[in-house]
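Asker: In order, the protein sequence lines correspond to chains A and B. Residue numbers are given in this note's numbering: position 35 of the first sequence equals residue 35, and the series is strictly consecutive. Residue numbers are given in this note's numbering: position 69 of the second sequence equals residue 69, and the series is strictly consecutive.
A few of these clues could be false.
One copy or two, it doesn't matter: identical chains are merged, so the pair holds either way.
[What the hints assert, rightly or not] With a straight-line cut-off of 30 Å between C-alpha atoms, the simulated DSSO-like cross-links for lysine-lysine are:
| no. | residue 1 | residue 2 |
| --- | --- | --- |
| 1 | Lys155 | Lys19 |
| 2 | Lys51 | Lys33 |
| 3 | Lys279 | Lys124 |
| 4 | Lys156 | Lys251 |
| 5 | Lys51 | Lys124 |
| 6 | Lys51 | Lys154 |
| 7 | Lys156 | Lys261 |
| 8 | Lys261 | Lys154 |
| 9 | Lys51 | Lys155 |
| 10 | Lys51 | Lys116 |
| 11 | Lys19 | Lys154 |
If you are wondering where the hints come from, they were derived from the structure by calculation, not from laboratory data.
2 protein chains.
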Amino acid sequence: MVEETLERYLPVETEWPPKLHEAMLYSIRAGGKRLRPILTLAACEALGAPKERALPVAAALEMIHTYSLIHDDLPAMDDDALRRGKPTNHTVFGEAIAILAGDALLTEAFRLMARKRHPDVEAKVLIEVMEAIADAAGSKGMAGGQVMDLESEKKKISLADLERLHRNKTGRLIRVSVESGARLGGGSAGEIETLGLYGEKIGLAFQIADDVLDIEGGEEIGKDVGSDLANEKATYPSLMGVQASKDLASKLAEEAVDLLKSFDSKADPLREMARFVVKRRS
Amino acid sequence: MVEETLERYLPVETEWPPKLHEAMLYSIRAGGKRLRPILTLAACEALGAPKERALPVAAALEMIHTYSLIHDDLPAMDDDALRRGKPTNHTVFGEAIAILAGDALLTEAFRLMARKRHPDVEAKVLIEVMEAIADAAGSKGMAGGQVMDLESEKKKISLADLERLHRNKTGRLIRVSVESGARLGGGSAGEIETLGLYGEKIGLAFQIADDVLDIEGGEEIGKDVGSDLANEKATYPSLMGVQASKDLASKLAEEAVDLLKSFDSKADPLREMARFVVKRRS
């Protein structure tokens with residue numbers, strides 16, 4: 001459903017300017033787990049609302065995530081040649097187009113949310129959703145987390161700093177993905193807060209699992225195994241050991257599931273997602 | 001008013017992460033004519049509405065413009081060391097922070113529009129404004145225009161292509177600045193369209209005047225005089241000569257003023273702006 005929505009709402013390659021649209025679609029089509037949009041749809045469903053209501057926002061969140069990956073991979077940032085097993089955007093299209101493809105995906109995300117408001121979503125609610133997403137993606141969220149990441153390279157950082165880094169760089173957008181679904185699904189302030197906490201916990205669990213995969217993962221994770229080690233990056237395993245990291249990720253996932261106690265079986269997809277983020281092999 | 005609004009709504013440097021906020025503020029404070037926000041406020045006033053109603057959107061438009069300048073100046077793009085007479089963002093803060101400062105300004109622009117909706121602006125109207133701005137700034141607007149600009153470097157292009165380039169790279173955002181003010185000011189569909197055409201004409205006039213300034217301007221324009229020539233960039237003067245370029249810019253400005261015929265003296269600031277864009281010396 002997410003794949004189909006992304007294709008439907010993104011410009012096609014033949015539209016002017018083709019090279020830019022090609023680059024945007026290349027990274028969107030490079031795959032990935034679609035974690036954020038799935039969480040948005042699952043949260044909307046957990047509240048008993050049809051997930052169609054959250055589709056444009058879900059797709060927009062994947063576009064924002066994809067823009068951040070394109071920019072993070074740039075030579076001036078992490079300088080990565082591979083992403084999801086494929087050459088990174090700038091490797092294929094050049095740096096200038098990669099920068100612009102990221103810019104355009106970010107812009108397109110806001111355009112999509114604004115132009116495809118579902119008739120059952122009040123304009124005021126959509127504006128709240130857009131504000132929360134911009135807040136999570138901005139200088140005090142995801143972009144700030146990337147600054148912190150750049151500044152911590154080849155430096156010893158504490159576990160508290162590492163957690164802060166991840167909470168901003170990836171956690172905030174994952175949390176807001178869940179919250180947005182809850183808001184679009186008509187959740188009460190309490191439900192939005194509870195689901196937000198669920199999102200925060202699985203966001204952190206996801207990142208810890210990612211660090212473990214970097215050490216243990218096979219080629220299927222699509223980037224060089226051990227690349228964090230090579231880059232002297234602080235990770236959970238490097239700070240607390242592999243087993244303790246795995247235990248922490250599992251504990252966070254369990255806590256996330258516990259938060260869903262007051263929700264009925266419509267929240268089962270959210271429960272499954274909590275288990276998936278720590279059990280995945282790629 | 002615009003300066004004060006930008007300072008009020010942007011994060012301060014001391015907020016985490018300080019380096020990123022410093023970089024964002026550096027480029028915002030580097031000055032500039034504030035053409036886009038002034039046009040937004042003037043269009044709102046032309047319709048008899050208080051300009052305060054359009055202030056957050058006006059400030060957001062300047063943030064979007066500033067993000068585009070930071071990214072355009074990057075080594076992978078135009079590789080400019082000076083902008084408005086000051087070292088460019090990446091020269092001062094490094095490429096990585098400059099990319100992120102641009103990203104964060106773009107994100108912040110949407111956040112600002114969403115979180116500071118004026119009570120007299122309906123939520124639906126604000127969403128329309130945000131959509132139109134995202135459309136003008138995105139892949140089929142400003143970002144697309146920058147791709148075209150990169151592709152036309154050191155190439156002979158026709159006058160029609162040059163006009164298309166400018167219409168997208170700078171024209172769309174200038175036009176939507178006027179349209180946004182008109183929409184926020186409660187304009188009718190006809191008034192929004194007329195003011196949009198006014199914006200389109202002065203946007204093009206502005207760009208032609210810019211090309212002329214690059215040849216004739218003194219140091220006050222803040223970049224090296226003759227830099228377009230040095231970069232072998234197609235410009236209006238290079239394609240049609242200096243005098244014909246000046247004549248065309250004046251003609252467009254006059255046509256823009258003519259479009260305002262049905263508006264009363266409240267549109268005088270818009271009339272003055274049309275004259276300013278072709279008469280300015282920097």
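Asker: Indicate, hint by hint, whether the structure satisfies it.
Answerer: Hint check:
1. Lys155 - Lys19: between (38 Å within a copy, 17 Å between copies)
2. Lys51 - Lys33: Within. Shortest intra-copy distance 18 Å satisfies the 30 Å Cα cut-off; inter-copy 46 Å does not.
3. Lys279 - Lys124: Answer is neither: 38 Å inside a copy and 43 Å across each miss the 30 Å cutoff.
4. Lys156 - Lys251: Within one copy, since 26 Å is at most 30 Å while 63 Å is not.
5. Lys51 - Lys124: both (19 Å within a copy, 22 Å between copies)
6. Lys51 - Lys154: The answer is neither: 43 Å in one copy and 50 Å across copies each exceed 30 Å.
7. Lys156 - Lys261: The answer is neither: 39 Å in one copy and 67 Å across copies each exceed 30 Å.
8. Lys261 - Lys154: This pair counts as neither: shortest intra-copy Cα distance 42 Å, inter-copy 64 Å.
9. Lys51 - Lys155: neither (43 Å within a copy, 49 Å between copies)
10. Lys51 - Lys116: So Lys51 and Lys116 pass the 30 Å test inside a copy (14 Å) and across (29 Å) alike.
11. Lys19 - Lys154: between (36 Å within a copy, 18 Å between copies)
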